[in-house]
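Novice: Okay, here's what each chain looks like letter by letter:
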Amino acid sequence: MRRNKILLALVCIALSLSCVACQATQSPGPEPTNLSKTTAQNPVSTISTKTPILSPTSQNPPTTTSLPATTVTTEPPAISTPAPTSSPTCTVTTSEPVTPTATTKIPPSTTAPSTTPVSENMRVYFLDVGQADATLLKGPDFTILIDAGDYTNNDVVPYLKDLGVTKIDLLIGTHAHADHIGQFPQVIDNFEVGEVWLSGSEHTSRTFERAIDAILASDAAYYEPRAGEEFNFGSLEIYVLHPETLIGDPHEDCISIKAVYGEVAFVFTGDAEAPQEQEMIARGHELEAQILQLGHHGSSTSSCQPFLDAVNPEIAVYSAGEDNSYGHPHDETIDKILSMGIDLYGTDVHGSVIIETDGSSYTIDTDKEGDIRAPPVITTTTTTTTAVTLGGCEPGQININTASFEDLQKIIHIGPARAQEIINLRPFTSIHDLTRVDGIGPSRLEDIIEQGIACVGDDK
Amino acid sequence: MIEKAVIDRIEDGKTAVMLVGEKEIQYEYSADKLPEGANEGSWVKLTIEDGEITGIELDEHETAVMKNRIQSKMDMLRKRGRN
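Going line by line, the protein sequences match chains A and B. Going by my numbering, 98 is the number at position 98 of the first sequence; the sequence numbering is gapless. Going by my numbering, 27 is the number at position 27 of the second sequence; the sequence numbering is gapless.
Looking at chain A on its own, in the form it has when it is part of the complex (with noise of 0.2 Å):
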């Protein structure tokens, strides 16, 4: 178990440069981007222990980052009984194999990611914007900006300008909701932004209308990044795992990165849900990485247990808001990251989260301190309780936790693709946990309520 990577006392350069080269390194497309070279501020040595870190109302010039550097403010998250790892939500399944139109794009997976040595620190700011996304990554070459807040706020322009940033070489929306693009607006408004890359995948949204007008009316280049590519952002690597081909719907066709400073990865997959993970699992990407941002906003909708396998990460990072309506993040979630010994840090509990990495460790500072735990019902509870919140099964009954692929097929609507799904997505907590299935909403679902067949029981 690799835990407690935390280290004390860097001192922090922040150097400004804007970036220097940002050019695909593999995919046949187009020719590079060229982007010019500006001067580099003043390097900057600070140390403070003030907190917060950052605010979006913050009143301090914009003239330096400064990250503690004498403590760290959080403890790793306590484990109060390790529960068991959880079943798998997912799982690579033969019976429905990813197509691989595009193996010939896939890095070879002996490629290592980068072992260029970099002189500098990188910082990656995963900002407390709410119920929302907005992850900024600084390097002494290059800024980047994955995604951009929700279109309620005004709160990641604050952050950036107190953040010293004046240029994003990138700009990324991984989707077009407006919890993801809400304030490309002013971003683009308020920054010189070199290039916006977006799946392509498009929304009939004035929020979406109006984060395209931004761009049009801006000098930024323009990519649809697909899986397999790889770029340089000065002496950043990006590799995009997703979207192979687009699909048509937001979630399924976001783009996820992993991206390499020096020895350290980060894996970025904005709101890809369990099917999106299992395709890249099935693509062959070079998944593993210390970091990995938990897919959207810690849902169970994400995170199925082979991609959380398949990146291995020391540290797990969601974006959430406070008492959000969705339970972000879920439970179930938060139990796996646990069980698994993986730091686990939340914009709703921690603030913004800052890592900084010279490229081969790091140090994580938070805005608050703050534990995430395990959810008492899983913790502490006996299976006999456990079994009266999941409403139990009678004798004849067909438990979904548990039912064969065959005998799954007997409820309502349920046929050899569903049924392979509800396997794929177990455990469920209730009947109408049943609407995570693809296809299965509300109609169906009361269908089968009233079939009265399909029961949830135990997965053991």
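In short, the hints are calculated from the structure, not lab data. Keep in mind that this is a model prediction, so the values were computed, not measured. Every residue gets a Cβ at the ideal spot worked out from N, C-alpha and C, and that includes glycine. Each hint can be trusted.
Dumping the calculated DSSO-like pairs for lysine-lysine here, alpha-carbon to alpha-carbon at most 27 Å:
# : chain 1 : residue 1 : chain 2 : residue 2
1 : B       : 14        : A       : 410
2 : A       : 167       : B       : 79
3 : B       : 73        : A       : 167
4 : B       : 14        : B       : 45
5 : B       : 33        : B       : 67
6 : B       : 73        : B       : 45
7 : B       : 33        : B       : 23
8 : A       : 368       : A       : 161
If the Cβ cut is set under 10 Å, some of the chain B residues that face chain A in the computed set are:
#  : residue
9  : 8
10 : 42
11 : 74
Since the structure of chain A is provided, determine the placement of chain B on it from the hints.
Specialist: Just chain B now, kept in the frame of chain A:
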């Protein structure tokens, strides 16, 4: 009051997040109650009384209009490329 709205997303298959009216006020609505055929990206006409959604129907015309408009803008964007 009748308001136009777009279904921005359906969270975890359960909660439809709608952006309502010119000001795009966010409403959350049970996905169970969406009209047949409604999905992410669908435009709908909402009846709102005292801040509550009391009626909802698909607006296929608006959906098609927006789809075409966005598509033509995306086509312009794609012509731009990386250079």
